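Peer 1: Okay, here's what each chain looks like letter by letter:
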Amino acid sequence: MNLALFIPEITLLVIAAIVILLDLFIEQKRWLAQVSISGLVIAGGVTIAMWGGSYPAIFNNMLAVDNFAIFFKMLFLGIAFLVILSSTDYVSKFSKFQGEYYALVLLATLGMMLMAATTNLIAIYIALELTSISLYALVGFLKDKKSTEASLKYLLLGAVASAVLLYGMALIFGFTGKTQLGEIAQVIQSLPPMTLLASPGLLLGIVLLVAGFGFKIAAVPFQMWVPDVYEGAPTPITAYLSVASKAAGFAVILRVFFSAFGLPVWLSLNWGLIFAALAAISMTVGNIIAIPQANIKRMLGYSSIAQAGYLMVGLAAMGMASAENILGQSGVLFFLASYAFTNMGAFIAIIAISNKLNSDLIEDYSGMGKRAPLLALALTLCLISLIGMPPAAGFMAKFYIFNAAIQNGLLWLVIIAVINSVVSAYYYLRVVKVMWLGEAASAEKVPSSGALRLALLLCCIGVLLLGVIPGYAIRLAQLAANIFAY
Amino acid sequence: MIPHQMVWLIFLLPLFSFVIIAFVVRPLVRPESRIAGYITIAAIGGSLALSIWALFSVMAAPHHEIPVPDITWVVIEDGVTIHLGLIMDSLTAVMLIVVTVVSLMVQIYSQGYMHGDPGYHRYYAFMSLFTMSMLGLVLADNLVFMFVFWEMVGLCSYFLIGFWFHKPSAADAAKKAFIVTRLGDFGFLAGILLLYLNTGTFDIHELHELAITGVLAGTVLTWAAIGIFAGAVGKSAQFPLHVWLPDAMEGPTPVSALIHAATMVAAGVFLVARMFPLFQHSTEALTTVAIIGGITAIFAASMGLVMNDIKRVLAYSTISQLGYMMLGLGTGGVAIGIFHLFNHAFFKALLFLGAGSVNHATGTFDMRLMGGLRKYMPWTYVTFVIASLSIAGIWPLSGFWSKDEVVISAFASQPVLFYLAMITVFMTAFYMFRAVFMTFGGEYRGGAPDAHGHGGQESHHGQPHESPRVMTIPLIILAVLSIFSGLWNVTGHFGAFMGHGETHGFLEGLFHPFTLSLPWISLILAGLGILLAYAMYSKFWISAERVGGMFKPLHTLFYRKYWFDELYENIIVKNALFRGLFGGFEQFDNKAVDGAVNGVANGVIASGRAIRYAQTGQLQLYGLFMGIGILAIIFVIYFFG
Amino acid sequence: MVIGLQHYLILSAILFSIGLYGVLAKRNAVIILMCIELMLNAVNITLVAFSRYVVPAMLTGQVFAIFVIVVAAAEAAVGLAIILAIYRGFEDIDVSKIDLLKW
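Chains as they are written, first to last, in the working numbering: chain A, 1 to 486; chain B, 487 to 1127; chain C, 1128 to 1230.
Careful, some of the hints might be misleading.
[To be verified] Restricting the straight-line Cα-Cα distance to at most 30 Å, the calculated cross-link-like pairs of lysine-lysine (DSSO-like) are:
1. 1224(C) with 143(A)
2. 433(A) with 445(A)
3. 146(A) with 1224(C)
[Unchecked claim] Negatives, chain C to chain A, calculated, CB over 12 Å:
4. 1128
5. 1129
6. 1130
For the record, the hints were derived by calculation from the structure and aren't laboratory data. Please read these numbers as outputs of a predicted model, since none were measured by experiment. Even for Gly, the Cβ is constructed at its ideal location relative to N, Cα and C.
Chain A extracted, bound-state conformation (with noise of 0.2 Å):
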């Protein structure tokens, strides 16, 4: 085995004891940022360097280094970079557990890395754990009320999620005798469809999988923790959880749905269709919910509701795809790396914006465009974006994943899905309006610091990049998604 693989997770592993450590002596608390971010970029660097190469997967076929692996991996440093930058200005006015903070990101970012590797159903549970158990703490890491009451939901209503997770991994282990994803699949196509349509314990396993997982990317009906969530954690969390989490989410499903019950046509085709149904009522409650919200956490919330179903198209779309078609995988990494952008960008702009506001309330953003026009223009161009219209990258990323559903006779679906997108636009651009159009409450400037500015900046960045040139972005995806062609 070859250990060299495994090094952008012991990175993260070393730095986040480091960070710990480091907490208990220094004064300076500005430099604990300021490791995670050299762990976090030279675990990137590692990862980058691994790109495009064909390794041997590592701990007994536990972790895979394939290319898919390593796009998630990307993303998720990435992610955790603009969170930790993000959270700088946000997390020096705790007294305390500053260390903690940043030791918990670097640690949940650890377990959804190891998430999108695993092949395995004992490491994906762990992967998840870990991943879940640091995002409790970190839910609750203001103490107050809200926090922790955030907390608590997310930790009980996380708890019996994965609870039903493992008893379908236990019925997928008991009906066919293997942990292992590519085992799994070996045993599921060999046994004669009869056997397979008697036995419930598989499809019902498939079942709670599909909740288990559809807690952690928030498909209804498993989202209702989602706007309370939200709401009541600190926001760079509520930012890492509504995009590194679900992206996550999205990894292990696409991993285990394809390898290990891509085949039979009819297996797929059933969990196909379940997401199909489930794309099409979560995007419609997301974004019907959200259009009456003051708060604009908690509409961000409901929209990331909505967001999950737009993916879920395309895990609909890889259902009901031949095998090598592979635009429903690989709309899906488009999609989840142009969300990443523009949610974080989103979250990015509140935070500045509430660090002076001491509000989440939309209609104390009025006037913001004379307040703080970068702020305002940015967090103008993410909405933008999750509206989906061009040049934001939210708009090639609905036309891609749109189009790959199309092309596997999802019409319906797509049609629902642009419908949608039409609703959502009404409380997206309401923010845009009180913004631009709104009487300022006050002229003063609305002050950011410059880390939050750079994160910012690197988003918009993002988004506009996606948007107008996604060419580079496309490839990047197909290639990761193309472990999933035979």
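Assemble chains B and C onto chain A, guided by the hints.
Peer 2: Okay, now just chains B and C, sitting in the frame of chain A:
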């Protein structure tokens, strides 16, 4: 021959100006400075120069088309690529001229009109962006791009209608325009998707080819064409999606002149013309275009008869003229519809700018408060009358030529629509001269009672006076264009340029109409309309109140806009059960809100308000939902899987 | 009667359901946490039973169960800490009263 880089530059110049104003000028320069206006004028002037170059190049080019090489933008997979490409043919060349000329005039005029407005930079930023999008829309060679620019002009229009956002009416109007046009865009998008699914291409040339060779035919073609036309109906404010345009007059008047008279609303007409080969091969679609156009023409004109707000008169007149264009497209072809668009752009922009000039002097748009302005504002008066004569279709002004062609082609193919068009000719002349006499004739009736009554800086004190030269010069230029632009097709050269028709001598063409009977009839009808207006509003031989009283039901019908807004309202009321279930009694709060679209939107909002309460904050309920969700999935799989 | 795979599976299904019921019905946060443990342990029974009957030569299920136990312990630790924080803030651990975040 124009190099293709220069073609790209046509629409990039206003983009540069937008970027400079939005990111450099607006943050750094005081709002009193006029720099933003100069930048915009320079950029659009550049575009105009290039457009003229392009026009002459296209005229000289074989088949009246210059090939512009594509740039590959995105490769999604082997078959699916998106090219960035431009079309440079006769249709585009003509539209470029229309857009850049009117835009340039409006920008110059705005230097006077918007001077001192606190949103001056913002105004020019959006105007630049709008001009860029409009030029892009005209130049786009594939439907995806076209749709992108299509949405962008809609967005700019949204921001510019709501420019004086502190007026609630402006904000409402902006919202209404945005939502109503979006309804048509659904159709457009569906049409694009339908075409793509059946042909695998977004490229306009390829689609033309497929339609002409008959590969694309039958119901698919018809539905796709009707979908595209739905987009045009929304954008061009055709019946029944016309309700947004009169309200859109809440924006600054130069905006109305540029966006809601000359260019954006004509984009629908342009769209149909651009996709014309598709319509040509579907009789149903083409007939739909003609019928909607004909109905819109008379329907809007009838409402224009009774409005007291000068901008609303012009708005209904615009809708009516757009109907003419659609009628021309539907019965006669591209050349006829676009020729009317071309002429209309100049005289209608002139009318709006004239109305703005009047408002600048009196502080109001209500014609009952004006009167006698002939004395005070000679330039505005003369140019306004020229434009009115042109729109009424008086020989030899531009409106005569294009309207004549529309009427003749309607006569040839759709007799019923022809009669509607003839009645509209009479109505048009009447309402335009009613406006002229009420505004400029008689004695001055005092202007705005409350000097601060009308939003923003559109306010005024004391005696009315002529507008500054920066405003009157665009009026004069547009007046010259309104007189002469029609002469382009006197010789048949415009038609030949657009692809069909023969050419003949100038003098022969100039007097040719008098050898036919139809032009006589329409001239007489127009003359009667003007006479009637003269009798009623200048000499008061006929009391307008009496007539109004005699035709009271009709007057009310027109004045209340056929209760169209109320009709939409009723649809909402029918939704009361649905809304009652979720939203309770909210519809009584906003009874003034109109439009079926608002009804649907309210339904969605109300259901959102209702469903959100399922989120009780009780975490165990959330768990229960998850459990029920799992059971539901199992149930569905078990019974349907 | 021979005790076979089915019996273990039914037992674990019943335990899982009891746990789920407890999560949904009990108001005390600590009891809810205990019920979650019950659910996880029900899964452990399934895993071990499957391992014993389906792949008797391997210990996959047992290993899985051990990992689950470890993770469950970690989860419980964080959970109790959060419940403590809740008690400090709300002075109550009745989950039905913890509903500041809603709608």
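Peer 1: Within 30 Å, alpha carbon to alpha carbon, are residue 1224(C) and residue 143(A)?
Peer 2: 18 Å, holds
Peer 1: The output says residue 1130(C) does not contact chain A. Does that hold with a beta carbon cutoff of 12 Å?
Peer 2: Fine: 17 Å to the nearest Cβ keeps residue 1130(C) off the interface.
Peer 1: Hint check: residue 433(A) vs residue 445(A), CA-CA at most 30 Å. Holds or violated?
Peer 2: Holds. Residue 433(A) to residue 445(A) sits at ~19 Å (cutoff 30 Å).
Peer 1: Say whether it holds or is violated: residue 1128(C) keeps its Cβ farther than 12 Å from all Cβ of chain A.
Peer 2: 22 Å, holds
Peer 1: Could you check that no beta carbon of chain A comes within 12 Å of the beta carbon of residue 1129(C)?
Peer 2: 19 Å, holds
Peer 1: Holds or violated: residue 146(A) and residue 1224(C), Cα atoms, limit 30 Å.
Peer 2: 13 Å, holds
In summary, the structure agrees with every hint in the numbered list given earlier.
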